[in-house]
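Take a look at the letters that make up each chain.
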Amino acid sequence: MWDSIKKFASEFFVTGDPLIYGADVSIGLTMIAVVAALTYFKKWNWLWTEWLTTVDHKKIGIMYIIASILMLFRGGVDALLMRTQLAVPNMDFLSPEHYNAIFTTHGVIMILFMAMPFMFGLFNLVVPLQIGARDVAFPFLNSLSFWLFFMGAMLFNISFVIGGSPDAGWLSYPPLSEKMFSSGVGQDFYIWGIQISGIGSLMTGINFIVTILKMRAPGMKLMKMPMFSWSVLSSCITIILAFPILTITLALLFIDRYLGAHFFTLDGGGNPMMYINLIWMWGHPEVYIIVLPAFGVFSEIVATFSRKRLFGYKSMVFALMSISAFSFFTWAHHFFTMGSGADVNAFFALTTMAIAIPTGVKVFNWLFTMFRGKISFETPMLWAIAFIPCFVVGGMTGVLLSVAPADFQFHNSYFLIAHFHQVIIGGVVFGFFAGLYYWWPKVFGFTLNEKIGKWAFWFWNAGFYICFMPQYVLGLMGMTRRVNTYGWDTGWWELNFVSTIGAFLMGIGFLFQIWQILHSIKFMQKAPADPWNGRTLEWSIPSPAPMYNFATIPHVEERDAWWEEKQRRAQGEAPKPLPPLEPIHMPKNSGIPIIKSAFWFAAGFGLVFNWLWLAIPGFIGIALSMLAHSFNYDTDYYIPVDEIERTEAAAKGDAR
Amino acid sequence: MAHQQAHEGHHDLESLRLMGFWLFLITDCILFGTLFATYVVLHGNTNGGPTAQELFAMPGVIAETFILLTSSFTSGLAVLSMNQGNRKGLIGWLAVTALLGAYFITLEVTEFVHMVHEGATIGTSAFLSAFYTLVGTHGLHVSIGLCWMIALMIQLSKRGITSVTRRKVNVISLYWHFLDVVWIFVFTIVYLMGVM
Amino acid sequence: MAQHTAHDNHDSHESHGSLKSYVIGFVLSLVLTIIPLVVVLNDMVEGTAAMVVLLVTAVLQFVVQLIFFMHLREEQKPRWNLMALILGIFILLTIVIGSIWIMTYNTVAH
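Chain order of the listed sequences is L, F and G. Under the working numbering, think of the first position of the first sequence as 1, with each following residue one higher. Under the working numbering, think of the first position of the second sequence as 1001, with each following residue one higher. Under the working numbering, think of the first position of the third sequence as 2001, with each following residue one higher.
This is chain L alone, in the form it adopts within the complex:
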């Protein structure tokens, strides 16, 4: 009995690496600490009623952001481990197997469990406020999306200590990811972690399309909508068209592994190239999914901090929407070397070059917005300004990669690594940081310390260039991606060493950001309703926004509605008379989303280990939670007028 338990445990838990034992201990201690703190301060009930069951988009947004920052930490530690291993030749810091696992989880976590939730967090925090709505179209679904993401991310992350991490690369190409070559459970953790959170992403996409198309404040025609909301719309359209492809691709890989089918195997007539074809049909739009909202963030920030209208509003809308459609026509540039013939390569090289055009249009729009503006350099604006040169260089190297014959040289080299980090860090990460800094006062009701924020900014930026510029050169010198070590005779070590220094500088930048947040919480400075002299509706309501957002739904007549209103007031016009308060219709909290997602976790975990005794009850639980929701007709309530009056009065008192 004891022996069989020991045998089970030795396979169930990951063993043998001191780093992992360290992680085991710290995970265990953190969990004990969290449980103890919640119990000691009697916060369990608060946690459940205020957060875990909430359907309020603002709280869901905050939970997304917290989760994504935790994931940024984990992905960042992975990155630093890799850079440490590569700092000098013949390094013996990580074993080759461990290195494989780490570059795999780094990629998956950064794209799917950091960038995506960070983006969804911003959607949730901003879009309803910006379009003058009281909530998203489907608040229950919104909560379900969050919890599915969360459970999927947790399922993926526990593979680190239980069962073993996936190690076939972030897109896990077959045949390596097939049962024959990756027989462990890591690959199944990969499939189910992404699958479960992917369902959540798909639902978020639908949710925000309906929210934006149907729930704008009266008078806000589409062409009067703030640019961030436009970017969310274009991103969500791309999500609903691209994510089903991912769902199917991973499902087929799972069927291969679990039922012995032959989609992507080497034998039985399968074709691994089909997987690569399918996964990039999702994968390429995916990079636009995450970068489009960042473009929206920059448009808001550049206009606000230049005290000018956004230059070229219509061309910006056109660029966003055309990128979202065009992104579906460039996927084969990820595998020019596959050998699909000259016609295919020529077509996809041309489409790839063409998609750079709308992107270029946007850069000029931002520059012309700043031109002759009264620019001020608060942290959000710093990130926006740093983004432009960074993204331009990243985009240019992308155009180099799109030249199909040249790509045979660049393919899978560090040149590629440097390129996509430059567009994703310089575009997406800088964009989301800028957005978080910009909307922070609105979300949390207090301001962040500017001085520490600037330190963080400079560490990140210097670190970025020091880390990735050498990698372009390394790529041209022949260093390929995913090598875990190299010899002294390659002549690569100086540049690698510099690159590692840059990575650690970015790590210090991250620590500054955490310090900035903690410092600002300690020396709490209440935020005014409109700290940046903003232009759009979210700045017309108190900070933080009351739970119903708008006591009375605003009427919008022009772009930058709040800015125009302020101009009129400055000219001595009386503010528009407000209609009388009415009871506000709100959705009720629900525990079903978290419970249903927990069942998904159980089902996924069961399938990973092929434990049907766990998977089947998991799926039954999912079905029962859906039925429970379907049969529940008591889903909403009204906030009475006197409660609204009290809340509004309190917010006014705070502002004074």
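Just so you know, the hints here were simulated from the structure itself, not pulled from any lab data. Here the structure is a predicted model, which means the values were calculated and not measured. One should not assume that every hint holds.
[Said to hold, decoys possible] Below are the DSBU-like pairs computed for lysine-lysine, each with C-alpha atoms no more than 30 Å apart in a straight line:
id	chain 1	residue 1	chain 2	residue 2
1	G	K2077	F	K1088
2	L	K576	L	K308
3	L	K214	G	K2077
4	L	K224	L	K214
5	L	K526	L	K42
6	L	K522	L	K43
7	L	K526	L	K43
8	L	K522	L	K451
9	L	K652	L	K566
10	G	K2020	L	K224
11	L	K221	G	K2077
12	L	K566	L	K308
13	L	K43	L	K221
14	L	K576	L	K526
15	L	K314	G	K2077
16	L	K214	L	K308
17	F	K1158	L	K588
18	L	K588	L	K522
Knowing the structure of chain L, use the given hints to seat chains F and G on it.
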């Protein structure tokens, strides 16, 4: 007081939900499109195993096609009854639709069992992997629709035709028509082109 | 909260259609199913011509269902559902045709 508003709030909400469901159907289209793409690319890779021509028994498939087509029609009749305020007719036509759907599933399962007995399993060849996955995913959708329809019939008998149940009936009938459309393409691309 | 029956009987713009339109749709669908069936099972046309007949009847039947069963024509402006559908079909065709195009050079083992 708040009652009039409640009407409007609800009414808006239901039309939002209908639109959300339409978008879900679009994502489902893409999902099936990916499966079709996989099938079309892999359908020639039979790995020395049975080919489509040797395997498909058309009489059963033709029966499935007409059954599903009829059920799509009867689900439309259910909506028609609902719009006339006829709850009995609504539940009755939904029941007919569900029975036809169940018959469809029975025939499909029988077909699959028969094929497996002939040694044509999902692991035999890439062609069969793609076939079982595409047709099976459609079958899974129909089965989920059946459970959903039963749940809806219970709700209708308890609560009658309200704005909420009305939207739910509209949604499930859209879903059912959609599944019929998918089947038309399964029938054409998998079966008819397979035996051609 | 659930008693809206009186109000709801006359919200008139959602999916309607008459018995007549459902019957027409059903008959057309039947006809469009039988045509390809007869064509293929009797080997009346072959090769590319047969493919064309099959695909055209299938697409026509899809349109019939959209109009007569799913009432796509009755949508109010702006016609988001129609736009979403067109975009979705466009991407779907890209997936299918693009895969065929890219993968023809890569058909490996049979």
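Next on the checklist: Run through the hints listed earlier and report the numbers of any the structure violates, in increasing order.
Outcome noted: Of the numbered hints given earlier, those the structure breaks are 1, 10, 13 and 18, listed in rising order.
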